[in-house]
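*Asks:* Start from the sequences and build out the full structure, keeping to the hints where you can.
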Amino acid sequence: MYAALRQFLFNATVINYTAMMFGMWVYGWKLRWNFDPNELPSNWKIFFQVLFCIFVEDTLFHHAHKLFHVKHKYLPLYQWVHKRHHEFKMPVSISAQYAHPVEHIFANILPTLAGPLILGKHLHFWMIISWGVVRMMDTHEGHSGYDFPWSIFRLIPFGTGPAYHDFHHSANVGNYSSFTSVWDTFWDTNTEFWEEYFPLGPRRSEGEHEKKE
1 MYAALRQFLF
11 NATVINYTAM
21 MFGMWVYGWK
31 LRWNFDPNEL
41 PSNWKIFFQV
51 LFCIFVEDTL
61 FHHAHKLFHV
71 KHKYLPLYQW
81 VHKRHHEFKM
91 PVSISAQYAH
101 PVEHIFANIL
111 PTLAGPLILG
121 KHLHFWMIIS
131 WGVVRMMDTH
141 EGHSGYDFPW
151 SIFRLIPFGT
161 GPAYHDFHHS
171 ANVGNYSSFT
181 SVWDTFWDTN
191 TEFWEEYFPL
201 GPRRSEGEHE
211 KKE
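Per full-length UniProt numbering, the very first residue in the sequence shown carries number 1; after that it's consecutive.
No lab work stands behind these hints: they were computed from the structure.
Every value quoted in this text rests on a predicted model; they were computed, and no experiment measured them.
Don't take every hint at face value.
[As the list claims (entries may be wrong)] Label-pair distances were calculated between CB atoms; the ranges are:
1. Ala3 / Asn43: 36 to 42 Å
2. Trp44 / Pro101: 36 to 42 Å
3. Trp80 / Trp187: 19 to 25 Å
4. Glu39 / Ile118: 17 to 23 Å
5. Ser42 / Tyr197: 35 to 41 Å
6. His63 / Met20: 20 to 26 Å
7. Arg6 / Asn172: 20 to 26 Å
8. Met1 / Lys121: 41 to 47 Å
9. Tyr197 / Leu40: 41 to 47 Å
[What the hints assert, rightly or not] Simulated crosslink set (EDC-like; lysine to aspartate or glutamate; CA at most 20 Å straight-line):
10. Lys89 / Glu141
11. Lys89 / Glu192
12. Lys66 / Asp188
13. Lys89 / Glu196
14. Lys71 / Glu192
Idealized CB from N, CA, C, for every residue including glycine.
*Replies:* Given below as structure tokens:
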């Protein structure tokens, strides 16, 4: 746990600050977002912008996460980078950001910031804060070990949840997505999860029917 706390603090300070300085340098030290308190966006505008950021983050995180599970002998990214995060077979909240700095940059920071960067000058800083809160709530709940029935993330269509990510840590296979199961279903990387949690579901039933025939 001490190692996780130390890595968390390093990522949250040194890595995040360095990434922020690099981003500001890329954009000529000019902040692209609106900070005017008199131009606060409507709740609906924030809602749809957060939904857009969820879609972008979910897409980029899924594919970056899956890439870090590559165990090819010439490109063992899992052993080099992602294995550190999987030291927690049963995750706790702090393990959400217990990651190698390379993983923290490419699987945490970039997917989270991609949506706001795409929207650019159309964003108010209040929306950035809102999106940051949503993202932190999702990742820490997903690693908490508690599947709250009243969680707001249950309202997201095809949402995942702690049980979904717990399976990824315990089985170390599939379930690479963050907010939704869309990309896992598209690439068929959550089959083991559905067979484990819903053994009498449609997929298992169809398989047994085919065997009988």
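*Asks:* Now tell me if each hint is right for this structure.
*Replies:* Hints, one by one, checked against the model:
no., hint, verdict
1, Ala3 / Asn43: 36 to 42 Å, "holds, 41 Å"
2, Trp44 / Pro101: 36 to 42 Å, "holds, 38 Å"
3, Trp80 / Trp187: 19 to 25 Å, "holds, 23 Å"
4, Glu39 / Ile118: 17 to 23 Å, "holds, 20 Å"
5, Ser42 / Tyr197: 35 to 41 Å, "holds, 39 Å"
6, His63 / Met20: 20 to 26 Å, "holds, 24 Å"
7, Arg6 / Asn172: 20 to 26 Å, "holds, 24 Å"
8, Met1 / Lys121: 41 to 47 Å, "holds, 42 Å"
9, Tyr197 / Leu40: 41 to 47 Å, "holds, 42 Å"
10, Lys89 / Glu141, "holds, 16 Å"
11, Lys89 / Glu192, "holds, 17 Å"
12, Lys66 / Asp188, "holds, 12 Å"
13, Lys89 / Glu196, "holds, 17 Å"
14, Lys71 / Glu192, "holds, 19 Å"
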